[in-house]
Each structure stands twice: as C-alpha cells, then as structure tokens.
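Asker: What follows is each chain in one-letter form.
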Amino acid sequence: MRVELSSKKLRSNFVKKVAELSGQNLYLCYQCGKCSAGCPMGFAMDILPNQVIRLIQLGLEEDLINSKTVWLCASCLTCTARCPRGVDLSKVMEAVRLLTLRKNKNYIEPSKMSHDTIAELPQIALVSAFRKLTG
Amino acid sequence: MAKQEEKIGVFVCHCGLNIAGTVNVERVVEEIKKYPGVAYAEHYMYMCSDPGQELVRKAILEKGLTAVINANCSPSLHERTFRRVCASVGLNPYRCEIANIREQCSWPHADDKETATKKAIAIIKTTVERLRLNMMLTPLVIPLTKRALVIGGGIAGITAALDIANGGYEVVLVEKEDHLGGHVMELSATFPTLESPRDYLLPRIKELINNPNVHLYLNSEVESVTGYVGSFNVKIRQNAKIIEEEIGAIVTAPGFDLLPREKLPVFPYDPDIVDGLQFEKILSSGEIKRPSDGKVPQDIVFVQCAGSRDQEHGMPYCSRVCCMYTAKQVLLYRKAVPESQAYVCYMDIRSDARGFEEFLQQVMSHDGVLYIRGNVSRVFRDGDKLNIWTADTLSGKSLEITADMVVLALAMVPRPGTRDLARKLNISVNEHGFLTEAHIKLRPVESLTSGIFLAGTAQWPRDIPDTIASASAAASKVLSLFSRKELLHEPTVAHVDEEVCSGCGVCVAMCTYKAISIDENKKVAAVNEALCEGCGSCVATCPSKAIQHRNWSHRQLLAMIDVAGGGYL
Amino acid sequence: MNEEFVKRALVIGGGIAGIQAALDIADAGYEVILVERSPSIGGHMVQYAEVFPTLDCPQCIMTPRMVEIVQHPNIKLMTYSEVKKVSGSAGNFTVDILQKARKVDTKKCTGCGTCWQKCPEKVTSEFNAGVAKRTAVYIPFPQAVPAKPVIDTDHCRYIDYKEYMAGGKKGKKPPECRICEKLCPVGAVDWEQQDEIIREKVGAIVIATGFDLMPVANIPEYAADPDILNGIQFERLLSPGGPTAGVVTRPSDGKIPKEVVFVSCCGSRDPEHGVPYCSRVCCMYLAKQALLYKHAVPDGQAYIFYIDTRSTGKGYEEFIQRVVGEGVLYLRGKVSKIFRDGEKLRVYGADTLSGKRVEIAADMVVLGMAVMPSEGTKELLKKLGVSAGETGFVLESHTKFRPLETSVEGIFVAGMAQGPKDIPDSVAQGSASAARVLTLFAQGSRSQKESVRV
Amino acid sequence: MLNYRKSRWSVLSASSRGNKMELAYYPGCTLKTRAKNFETSAIAAMSALGVNLVELPRWNCCGTVYSLAEDDLIHHVAAIRNLIRVKEQGKNKVVTLCAFCYNTLKRANLVMKDSPDKRFAINNFMNEEPDYAGEVETVHLLQVLRDDVGWERIARNVKHPLKDLKIAGYYGCTLLRPQSAAIDSVERPRVLQDLIKTLGASAVEFPFATECCGAYQVVDNRDIVAERTAAILSSARKNGAEAIAVSCPLCEYNLRQTQRQDTVPMPVLYFTQLMVIAFGLDAITGGFDENSMETRAWLKGKGLIP
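Those protein sequence lines, which keep their order, are chains A, B, C and D. With the numbering used here as the guide, the letters of the first sequence map in order to residues 1 to 135. With the numbering used here as the guide, the letters of the second sequence map in order to residues 1001 to 1569. With the numbering used here as the guide, the letters of the third sequence map in order to residues 2001 to 2454. With the numbering used here as the guide, the letters of the fourth sequence map in order to residues 3001 to 3306.
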C-alpha cells in the first residue's frame, strides 16, 4: 500500500489536536530513536515511540489509533529525560490516548474487572490506571 | 560650512526586494527631495553594484554634491564601499554616511509597509542632519611591525606559521604543551588513505624548527596583549619567565577539546567506555586491548553524536568529523581483530568531502560491520560485558547489544582556555565558546578585531584539510597585511576637549580598548587614536561631555533626535 | 637559474573562490590576471536568492567584491576569455589567453543598456539557468562586472544574415537587423572585432573553475517537465532580482505551487547511475530553499526527501532544525519516480522511518542535482598538465595535508574545482591558495637571490 | 544542578518546638491502606531523628498521576487543594513518602508557579478556595533526610549497623523524572545509596535502579510488568544485591507481587523499614507483616527482626 501524503493530511485535525493537547512541536523531532532505545515497554509495543511521532508527523491517524503502543506507555518519562531535542514524548502519548478516551472509548473497563483483582491491587495502581486508560 | 550651501545627494537602494519589498522607495525619494539641504535623490535595484556605484559617482560630479547619503543596508556592510566611491571622485569620504533602512527598518517592519516607509524617510532625515555637521577627516597612519604571532602549535598553527615564515616574515609561535603537533599527533591514521599523520607532520615540524624566521616558544602561553594591528605588544609566559614581543598580526589557533564526559550521565564511568581520542591511542599502540583487563575486544559499539546535535544535554551543533573518524576506526579495528564485530549507532551519516562517501560505503559494506540508525539511550556494565540500549529507527526495533567496549564520538568543543584567550585578544566567541569570524561567508578567517585572524578548530569543528585551508587563508591575510608600507586607521574616534575635561578618569575605566589615559602634566584625558575603535562608551560616560566622537558629536545627535521626533512620531 | 622568476599570478575562474584568491594576491602587492570564461565575474554565487544559514543576500555581499576586482590597480580582469595554452614551470609559465570577440568596443561603451533593451532576438538566459530569456546582445545580469555587453554571435540576427549572405548558411534569409548598432549612442558596436590571443607570463596559477550541476536528464525516472527544476533554477525563481521578481510560480502555467517536493541526492551518492560522492551543499541549500518557499508561500507545503541530512558547518545544524520546526516535512528516503498526472506531478517515494511508501501529488519538484566539475575542466587540466581524480575534479597532491597543491608545482586549486564545498570553505580555500602563491613568490625571490650569490 | 541544599535547616528550625521538629506530612491513599508499613516505619524512624511528621488535618487523593495534557487543568485541582491545606497550616513545605504523590504534588505546584494562564484558570475554578500561586514546596522524605537532617545525624542514630548486608536502592521513575521534579541527578542518583551506606549496609550499584517497573500497567498487563520486574530484580541480583530498598508503594507492590516463582525470591523493603531496623526501634513500627513472606524470612534469617 502506498500512502498518499498531502498538506491536508499533514495539517489534519488529528495532527493539530495532538500538538495542542501535548503542547509539543512534533517537528522538533529528528528521528534519532533514543526514545525507542530506552523505552522500558518498547519490547511489548507494536510500533516504537519514535514511530509514534513519525506517524503524527505524516498525519497517519489510523495507524496510530490501531496501535497498542500509547496504551502500553507507562508515562515513566525516560524518553522525555533523554530526548536531545527537548520533545516531551510522554505528553504526546497522553494526547493520543486522550483523543480516543474523549470519544468515550475506554481502553480498560473497570466494570469488567473482577472483585478479587480490585481488592488485591493497591489504590495507587487502580487510580493511576483508571486515570490513564479510561475516559 | 553654512547650511544653505549644503548639496546632499540621497541614494536609496532596493536591495532586491529586501528593502523595496517593504519600503516604498519611490515615495522615499519623492519625500526626501523636498527636505532642506537635499539636492538630489534617486533609487536603484542594487546600489552596491558596479552600475549603482557609477550612478553615485556620476551624480556627485554632475550635481556638484557636497555630501552623500546611501540609504541601504547596515554600514558594517557598505560604508566602506560608498566612502571609496566618494573618494574616487574627490569627495572627502567622511562626507558620506549610511542610513540603515534595511536591518533597522525594512526587515523588522516587513508586516507594515506604511510605517516602514515613514520610518525610512525619518532615518534618512536624521542622517541629513548628522551629515550637515560632519567634518572632513583623513585616516590615521599607523606603523607596521612585520612580525606575526601564531597561538597554538597544532596543525593549524604549524601551517600558518610555516606559510608566513616562507612568505618571508618572522613568526613567533606559542604552544602550551612541550611539543608541537596538537591532537593530530595523537591520531593513529587519517582517513580515507589510512596514512599515519606523523609522516606528514614530523617533516613539517622539522621544517618549522629549522626555519630561521620562526621563533618557537614551547610550554608557553600568551599572558597579555596590548596595542593594535601593526603594533601589538605581546607578553608570553614561559614557565616563570615573561617574554615580550612586538607583533604586527596574530593568528589564533588554540584548537579543540572533547566534551567532558560528565555532561552525559547516560554513559557511566567505565574503563571500557572510551572517547574517540582514547581509542586513537589504543589503535596507535599496535595492539587493540580493552583498558579494563587487556582482553582483545570482540565486539565494539561506536556511538556517534555523543553530545553533538543534542541541545538538551550537550551541544546543538554537529561536530563534523566524527562520522568519518569513526568509520576509519571501525575499519582499523576490523582489520586488526579479524573475527570481531563493530556496531555504529548513528543518526545521519555525514561524509561530505572528497573521497569520504566512497570510504564510508567501503566501511559500511565491510563484513563484521553493522550501521544502526538510532541514538543510544544508555550504556551500563553487565558483568564482563557492556550493555548498550539503542534502536534501529529503520526496522522500528529497539535493540540491546552486549559488547566488550564502547567508543564515544564525543562532541568537539573549544579548549577551556579559549574564552580567556579571546578576552586577552579582545576578539569575540559565540555562545559555545568558538571564536567568531567577521563574516561567516565572506570573511571566514578574520576576527572583528583588525590584525587578528582565526584558524582551525577553535573556530568550528573541522577536519584536517579544512583546518589547513583555514590556516593558510589566515596566513595569506597576514602576508597581505605585511605587504603594505603602513596601515591606515579610521579617524572617527573619540577626542577630548581639554578645556572642558576635569581629568576625573571615568572614561579611562570605561574604555574596553585601553585607549584612554590621563595626561599627568595637563591633568586631562588623552585618547590614543590608534587604539580607539570609536565605540562611544567614554562619550556616554563623561560627566562633563568633554569627550566627543568625531562625526558623532552631541550636537549632531541632538539634531538627529529633533528631526526623528518631528518626522516620524 | 637564469630565468626570471615572474611574480605575477594567473587566476582561472571568476567565481567567489577565484575572486578571493585574486584579491588576496593583489592586496599583497603582486599583479594578478583574472580570467573568466563568461561575460561577467561572479560565478554561481550571484545567481542565488539568499545564502544559508544567515539568509544574507549574495548580491549584497558579492557585488562589492566584484567591483573591487575591476577597481584594483593590481588586477587585470579578462572576462569572456579562456586559457588556451600553457607552457613553462613554476615561476615562469607562459599562458596564451583567448579573448573572445565581444563585438562591442568596451572602451567606448558606457553600459547604458539601450542595445540589450532593444535587441529583438530572445535567447535562453544562462544566468537565469533557463527559466528566463535574454537578448542576443546582453549583459548576463544587471550587476554584471564589467557592465559591458557581449554580442552572442550564435544568435545575433545580423551575424546570421552575414553568414547567409556569404553562403555559409542555408534556408530562409534572416533579417539584417543591426538595431543595436543603429541605437548605440557612442558607436561602440564593432562587427569587425575578432578573437584575439594574448600571451602572458606568470609565476603561479590558481585553478578556480567551479562547478556545474549534473543535467536533470541523467535521471530518466524523473520526467522531463517544466515544473521539475534543478536547484539553481529554483534559486532564480526565489531571487528578488530573478525573472519572477521573487514570486514563486510554476514555469508551466504561472500558478503558485502549493505543494513542492525537494529531492536530495539526485545523482549524488549513487555510483551506479550518477556519481559516488556526496555533493555537500544540497542538504543545506534545499533546506534553505524550502524555508524561503515557505516564506514566499506561507500556506504551501514543502517536503524534503533525504538519505542523511548533512549540516556540518557553523550554524548549519541549527538552521536545519529551524527549517524542520517551521513545518517543512523531511522524509527519509529516495524518490523512485516522478511523472506528470494532469495538473500535478506525482512523486513516488518512501519514508524509511515509518516504513511507509509515500506518494505526493506535487505542483513543483526541485532536484538537488549532483555537483560536477564545470564544463571544460578536463580540457583545461590537460593544457595545464594537472591531474584530475576519477570524478573529474582537480586532484590535490594530498587529500589531508596538501589540499591546495596540484600535481604541478606552482599550480594551486581553490573552491569547487577541487570538489564540492560551500561558500565559506571556497572563500577560505581562495585565500589559502593565495597564501601558497605568496609564499612561492617570496621563496622564488629568495632562491633567485641565492642563485645570484652562487 | 539541583540546588537542593538551599533550604537546609530552615524548615526544621522554623517549626521546631523544644527538641522536636515538625514537618507537614501528606500521606496519600495507599499509605493508609496497602502501604501502612511505609508510613509507620517512616514516622517511627523520623521521630527517632527528632522530626515529627505532622499529618495534614484534611487531605484528599492527589490523583496519583500528573495530568500531561495541556488542556486538562481539572486534574491538577486535587493536588493543588492539598497544597492549599499546607499553606493554611502556615507552612511552606510538605513532605511525602509516596513517590507518586511527590511527583504529582510537585509538578502541579510547578504549573501554579510557572504558568500564569493556567494558574488563573485553576484559581478561578476553585473559587471557594483562597488563591494559590505555588508557594508550597513539596519534598520527598529522602530529601529531608539528605538535606535537612543530614547523613551525619542519621549515622549517630544507628544502633545496629546493617553490617554485611548488600542492598540495592531502587528509585523507579517519579522521584527522578522529569528533570524539573528530580530529587537527585536524573541519570546518576545517589541519595538511596548514601542512606543505605549510612545505615551500615553496602549499597549495591545496579544499572536498573532508575528503570521503570511498569507502574500501573499491572492492572491490565501483569505479564508485561512481570517482565520488567524480572529484569530489574535479576540485574540487582547479578550485581550482588540481597535485598531491594524502595521508595514507592507501587514499585513495592510490583516488585513483590509479580516476582517470578521460578527464581530465588528477592526481599523488597521500604527504605524507612531499614531505618527502623538500624535505629533499633520496635519492630512493630516496621510493619514487616505486610512485606512478603520471603522478605520476612530473610530478615529473620539475618537476625534483623524477631
């Protein structure tokens, strides 16, 4: 499949929203890959953190929305700390998550979790997971 | 000169669209023609060009102009050009002034054409007022000592010193270390030919030492510099001894250092994590062994851009030489340790000079070499091995490599003493501490202080041929300078009204160029005109307004302010 | 050593490198002959719109130097001239220089411009790299130095007419024209002026013959199309002094292009189809052009295809990052095919970072064509006896340590003639080669004295 | 560089009453439920050092994670309300034990300090609260120990040095990242090692000390978190650690509960529990019952708890 690029796509609402919500200039990224190199969850991701930025730079919303990556991000900020261009990728990840969550689509469903699981987990885990993965 | 006799010509430049795209030049000409004292005005696409200059010349002669205003770019660009034009037809060059309507008008006001046009007119009117009171001046003549100082005995300093000496002039070469050769001497081999740099350097050093024109000071540093182009007095500290030298021109070539490792905490202190220069020494030793235990490293990860292109943790710029020296190191390592594997983590490969790309492709396609497009996130020890976390942005994989050694291509930075040296020489450095040239494109080896030239990596990261070219270029500037009989200095400097001066000495402390002293007999300030750069600090400080700047007098300034208020606001 | 050591230099090529070399040698008190093949000095630099990274106007910084050349008492400027024959050795070269007939008496001509304003014959302009026309009698550009015209004998109607009348030309009889001659207020047009060989003695030679761009036609997978330009053509479209006065329009229909694709490494780094080396300047000038395009067409989108960005000069990396920050999209990959699709140019490329094949419907494409030795370099080097490398650039005697010396003593090289380089490096090399000439002259005179003593 | 030394003693002396010094203390939810041992051990150990941790009279959940979206101001409110409570106490500093709480409070405060627009919006939203402009500094207990108490004073309180113990300090993420909230060098922190050494043990350096454990991903991706903790624990073990000291209840949970069954168990303790032991305090205050069986067994084996 060949992907057609156009200024329309590059300036789509999606790209603008991500930039707005994250407060980041995504074009500062020069694709060095340091974020992916250090990401603790990288091993489990289908697309890497640097590719998340790349897909946004190209305006390829579908690829990103269908990927697990942003949901696996644990907001550990390793990428943020080491980025040579000062891009806060954790904020970009959050922005992409929010764009789905705000469509009232939860990534996890608290109502479907077993009582035992909820009882077993510390509050800190539950609250933060609900904050990050539900709308 | 009485006002009504003044016949001023105003020449407005379009500078392509730089000015004319914003300022309505026709209207400027129309308006200014009406202004008292202006006898002639016109506009042209490029006033600095040959026909443009001819136009000015013609108008001076035909209209009998007594003074000229060129409304164009900053005077730092073309003041000299147009003063020369005036002089060529017999008009005193100091009867020519620049009205800057580009940097100070069309560029900053590109979004407001009306205001820009009004401001351009106001700027020219103020210049008319200034010009009315401009004196006719003649340049000062300064004696010229035909003896050069070269600071730094690396390849840049050696080249510059030899060129000047071979050009027939005496050279004083000052080197901090106890030997010549600088970093190039530490290199195992140079790419792409893989020759030892010593083969070239040692004969050159010998030639230098044997050259009767060269006076070499090792273990020495420049202690202080006073004076000015043609007549510098330089004190050189050699151990405890101070040597004084009379110098006409200076080539500054103190060289580079690597970014300190502590700036990059993701690379821990570990004997087997070495920088590029340390690895050069390992390569030169003949046997490649890792520092920790003397084992032959079977796999090495070469990390590019360690601190380069990293505004957050290191330096924002590219260090220019790392891609190529790393490729060379990889090749030498692979040849020396047959079964080994080399990894190079890079972002963009930069092989942009003669033979470089070809060399690089040879290395990239060599067996046992893998180039990985990705920055390294961290390195840490894992028992006997080092663990390197990186990514391949092309396959979209995060990678983990275990290796025996890591070689960091650390960013090139100026030597720590460069700022201090620049202060002594009164030349400027940029935000990273590299020496600043007068014009990045067209005056790449000159500093803004006349008579002081720049060479080599203290100015910017560069490789050996570019360093040699810059050093030779600096030498050619010295040779041109020394070919003159005497030097001329701008007469637009500060001067003291001895009647008014109380000798308080505030100006003495203020002067950056050490050009003012108190005359002990007269008890008034005295300006050494050859040292004065006309900056105006003393003028602004003088409590009794006894010091004034020639052709920038208080009367001129007040007249300008008057008309600026009326004409613009 | 009885022969006189001639302390006089020849600089071949009037671009920025040659100009710098000539000025530095002349400033040191020696005579210089500056030979330039075209009717004006200035070289490629004066064709550019603005130069990176400071976005200076090259006219502003270049034209004073050009003027300095003609005004310098030590410089003999020979434009519209070519080196024909060289013999001798360091300190004593004999050079035959062909002064091509301008058909204009430069002593009489005032450069008033009447002739080139009225000439009816329109020809492709070399200075505008083919994106505009000039007349048969012309100065290459308004700030040309010298500002004296040349009659292009290949295109002049009267010269065609004369040839026809003499029986040397077949077909329809051309008009007699002679408008320039009739209108010239000072009678400077001189039909009888002939080519002339001028013999000069010099002691040293600097080769500064510069570069040309590889023809676009060398890349057959990119269609021949008026809206596919090379870098210099696009410079002319961006230049305020250019044919569109700085308004970026498509050559095909004059529309303002909204999607512009810039392609790096067109022929460079491609040993199979082009040249093996990197052309060094394209990354930076394409970035600059994309930025200038964005300034000219704020709602336009610029794309740059690249393999590796190469921004090694002072302030260059920061410049590239600024361009990226202003919304120019960098795509890491080569372009495989460009073809016309109605109103648009279709560009097939790849982005190796996202692993996607991409396609862009562009209004205009700018190709960063490989830099090559200027036309005629090979022949000139043969005359000089100087070796060229495989790629045709002048071979320096040692890549690392003797970057300015050639295989012949007394002959030096500066600027792009030695290989691709940017303006500051060309200027530095111009000065550096001047240093070589100056030391040679100083030593030459010393060895002369010594030989006298012996 | 962090200028974490600038406020040394100021808070302690300002609020000292007699010999005891007082510090405003924000516990957070987990310390009242699943990490009681962290709280009890901290209070006991600090008391031994002459510092009273005075719990805020009224507090709410901080939200656990700092909201990263530019427009998401509402989620800063929970954290800021707590800081306003501190201000109401006449204090300008609050100490936390939980690393998540530390990060959330600290960063929310930076918003109030550094972004005038956001400050205005948030203050407007909380119209029943007094206006707040970021006056309260949030510190983590480790900072108090290092900067206000000092290693020397801690060393003087050590009754039973943890001799021959090899303990790795594990930081996780939220004490160190981002840079603006870091309590120590982001990449090469020292504070935990320094504390461990002060308590008489040898501090094991290991490269995973600042690697993320997977955090809240444990809720939905327990296997992935298990991979992370396995990597962290095996790195610690490889470098000679017998036990791990932590400063975050979520790290503690993940390292304890996702440990693989097939490997030798790694004891996991809060750094405050180590202080209880070294200071020779009543083991009850250590709350070791809440640690894993393996941890307790190891402590007993070493004769550190009865």
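Think of the hints as simulated: they come from the structure by calculation, not from any bench. Just so you know, not all the hints are guaranteed correct.
A few chain B positions that, by computed beta-carbon distances, are all more than 10 Å from chain A [what the hints assert, rightly or not]: (1) Glu1031; (2) Glu1221; (3) Gly1286; (4) Gln1298; (5) Asn1375; (6) Ser1377; (7) Lys1397.
Pairs of lysine-lysine, DSS-like flavour, derived with a Cα cap of 27 Å [stated by the list, open to error]: (8) Lys2334(C) - Lys1397(B); (9) Lys1295(B) - Lys3118(D); (10) Lys2133(C) - Lys2169(C); (11) Lys2378(C) - Lys1058(B); (12) Lys2107(C) - Lys1063(B); (13) Lys9(A) - Lys2400(C); (14) Lys8(A) - Lys2255(C); (15) Lys2084(C) - Lys8(A); (16) Lys2344(C) - Lys1176(B); (17) Lys1206(B) - Lys2201(C); (18) Lys16(A) - Lys112(A); (19) Lys2084(C) - Lys2118(C); (20) Lys9(A) - Lys2133(C); (21) Lys1289(B) - Lys1241(B); (22) Lys17(A) - Lys2258(C); (23) Lys8(A) - Lys2258(C); (24) Lys1397(B) - Lys68(A); (25) Lys2255(C) - Lys1113(B); (26) Lys3238(D) - Lys17(A); (27) Lys1058(B) - Lys2201(C); (28) Lys2400(C) - Lys2201(C); (29) Lys1485(B) - Lys2076(C); (30) Lys2170(C) - Lys17(A); (31) Lys9(A) - Lys2344(C).
All residues carry an ideal CB built from backbone N, CA and C; glycine is no exception.
Asker: When the structure is checked against the list of hints, which entries are broken? Sort them ascending.
Answerer: 5, 6, 7, 9, 11, 13, 15, 16, 17, 18, 19, 20, 21, 26, 27, 28, 30
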